[in-house]
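Chain by chain, the residues run as shown.
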Amino acid sequence: MSSQEHSEAALPSGRGDAHEGTVAARSDPFADPGLPPHEPRVQDIDERAAKRSERVVAFLFTLSMLATVAFIVAYVAIPVDRSVYLFPIGRVSATNITLGTTLGVALFCLGAAAIHWARTLMSDVELVDQRHPVESTPEIRSKVLADFKEGAAESGLGRRTLIRKTMLGALTLIPLSGLVLLGGLSKAAPGTKLRRTAWARGKTLINQNTLQPLRPEDIEVGSLTFAMPKGMKEEDHDFQNQIAKAAVMLVRLRPEDIKDKKELDWSADGIVAYSRICTHVGCPITLYEQQTHHVLCPCHQSTFDLSDGARVVFGPAGHALPQLRIGINKDGHLEALGDFAAPVGPSFWERG
Amino acid sequence: MSTTTTTQPGARRAPAGERVADWADGRLGIYSLAKANMRKIFPDHWSFMLGEVCMYSFIIIILTGIYLTLFFHPSMNEVVYHGSFVPLQGVRMSEAFKSTVDISFDVRGGLLIRQIHHWAALIFLAGMFVHMMRVFFTGAFRKPREINWMFGFLLFVCGMLTGFTGYSLPDDLLSGTGVRIADSMILAVPLVGTYLSFYVFGGEFPGTDFVSRFFPVHILLLPGIMLALMVGHLILVFHHKHTQFAGPGRTNKNVVGMPFMPVYMAKAGGFFFLVFGAIAAISAIATINPVWDAGPYRPDHVSNGSQPDWYMGYTEGAVRAMPGWEWNVLGHTINFGVLVPVVLLVAVPAVLAMYPFVEAWITGDQREHHILDRPRNAPTRTAFGVAWLSWYGVLLLAGGNDLLGLLFHLSANGVTWFARIGFFVIPPLAFVVTRRICLGLQRRDRDKVLHGRESGIIKRLPHGEFVEVHEPLTQEQLHVLTAHEQARPIALEAAVDENGVERKLTRKEKLRARLSQGYFGEHSQIAKPTAEEYLEITSGHGHH
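Protein chains in written order, with full-length UniProt numbering: chain A, 1 to 352; chain B, 1 to 544.
These are calculated hints, taken from the structure and not from any lab test.
Be aware that one or more of the hints could be misleading.
Claimed, not checked - A few chain A residues that face chain B, going by a derived Cβ cut-off under 8 Å, partial list only:
1) GLY34
2) PRO36
3) PRO37
4) GLU39
5) ILE115
6) ASP129
7) LYS187
8) ALA188
9) ASN241
Claimed, not checked - Straight-line distance between alpha carbons at most 20 Å, and here's what the computed EDC-like set of lysine to aspartate or glutamate pairs gives:
10) B:LYS253 <-> A:GLU154
11) B:LYS448 <-> B:GLU468
12) B:LYS40 <-> A:ASP124
13) B:LYS241 <-> A:ASP238
14) B:LYS143 <-> A:ASP331
15) A:LYS193 <-> A:GLU350
16) A:LYS187 <-> A:ASP129
Quick caveat: nothing in here was measured; it's all calculated off a predicted structure.
Beta carbons: idealized from backbone N, C-alpha and C, even for Gly.
Turn these sequences into a full structure, and let the hints guide you.
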């Protein structure tokens, strides 16, 4: 295959010598040959090609100007509520598509022009800069350290320990004021807030869709009904905070299907009520599988078995959904027989 | 060029530009600054533009963000919507949500600016991620650039937080769900979690404060920190001078490339407009975060397929894949199911951030490095990087388990189990495979140097044998393939010193020696060809 003559012929001669940093002997076949000579581009040797590049650059700049004018025209001329059909996207806002594309073209052509100019017409001869160590020289180093020692000695910080210690103490304490000021961020301590919900003994269950009190016969087998306590209104100033804990779902089961004894005790007429707030990270549960009585949180797929105390069947939730004990009042409406026995929603340190 | 007239006959006044520069120099000393920088050399390689993408998208985010603050109302006061988007009329919502819908439908060009802002944020984070990978795999983080690596890392973390606080501002159903998850993660912190949550939300979740609190964090605090970090990052890039790949004439002591003015200025400046133009075009045709579809946030509403923006995806994946382990210790709940994801949120990026310091400790290398490594020539580092990427990737996949299930007709539970097992199994596998590939590539380089390039020409010898003609490489190619240095593993000092006194080897020393063996031992790199080997083979003596 290869021979000595061959390989020597492949070695460029006399180029590595001029280059700084090449210490290897000529006999080293891997020595740095130094920067290769500059190869001219077509624009460097043919003025017509250079002119052509110039025209391309100018054309792109012109296109950018035209696109900006089009942008302004579109801004003024197109009504903000106009929509157009655009294959294959569908109906889109006319202002968004025109403003976006004209702005995009204006910017892109400006950039493309500058880059084309740089690549074809500006010099492409590679230049060399020398690096210098980031580290300071030993002279500078010793000068700075000496200056520092002198300054430190003049301050007397090392000698006067009383000043040093009290100063450190004061500097340590001073940020505390800033920290303490953050205390106002919470209007109240957590207390038992995460344990209590708007449910209480005697509160009627209201259908969240119809806003009417629920009767047992309203709840059919195989359907999921969402309820909230009577007296709660969307207009209330703390509605969001309250519904975040009080949201409840109702399901009718056949009593013989209920595997958990407590669940059966807390049900009314085969109807069970569970908190909708997932015990994992608090998403509301919305999906119900009729055959298995499993409910699923769409956020992270925690699955609970409503026929077995809502225990976790799959997913990242750590404990069962709390059950709301319900009964039927004298008007024939479903009512709560108390608040949830366990805190609803995600776990927290004081949950116990 | 001077237009102002001069009365002195004969004496020509300097051009106006020069006089302005002289005026500024007299006050700012700009000439000494320009002397060092105007013709500063920047090396060229496609991967060096990744950092530029980040900087430009950050500038775009600031510009569009300022515009959005002119119209956005960071308030959770409830209002009933009567605007031009018919499906939401009569719906109760916060002012924050309403003003976002108004920006999208009633402010001319508002939707475009919103979409550019959001797209640029996604590209900013993606750019930083890929840029960080470039720096990692080429060893650009080595001395003297460790601090700049940390600056970059902090920019990425701040970018994540800024992104999260930003997409939570519209108070729509999707982002509200994300804030709810964040609240639950805060609640999972032992001892102080409940209090922290109350401090963040001004009481119980959701309360009426978080939008007005996230707002200054999103538009002032975090961007301010990021701006400072980015300026520091760029100053250090200028100060250290850019790294370069090994090549003819490119050494550890020089930097070869194009001058700042004019080539780099035109290319980099032009590239800003390219990036901006591309993002504007994307925003024209691709809807992002259609909050009007999601509707306003309500704690008892949710939509299927709720996904965070991509950069929070690995945290979401950890939240989804972690089994729901809860301990009750002395009446207190430790919720590992959510606490572990909180730890991973910090730990996964931190592992990568700390790597340069670990490598520096193992190698004990105190020299400056300005020549980049080809990833194959640092097999252990490259393998670690790919293992980390696969780790991150497994979590990212787990964060989309429902969508993956839907797309590929898989069970979401199956995807979750894949992630649970893959979290532990895939990174070591990726490590082993990557290292082998690196070593294979090193062998190939070695063959190429010693035996030349396969020319594709088949020659028939007189006795009938077919051989492929190998062409010797040029000296440039030989130099590039052999320029990297190969370290030897550090040897443990003898347990008994020269006086026969036993020396106790600390566990740290032993660990370091073992790791060093793993990095540079016999099985961890292929010895690059020496000049003697090359001359021996090419001299034609021991041929065949």
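Hints violated by the structure (listed by number, smallest first): Failing hints, ascending: 3, 4, 10, 13, 14, 16.
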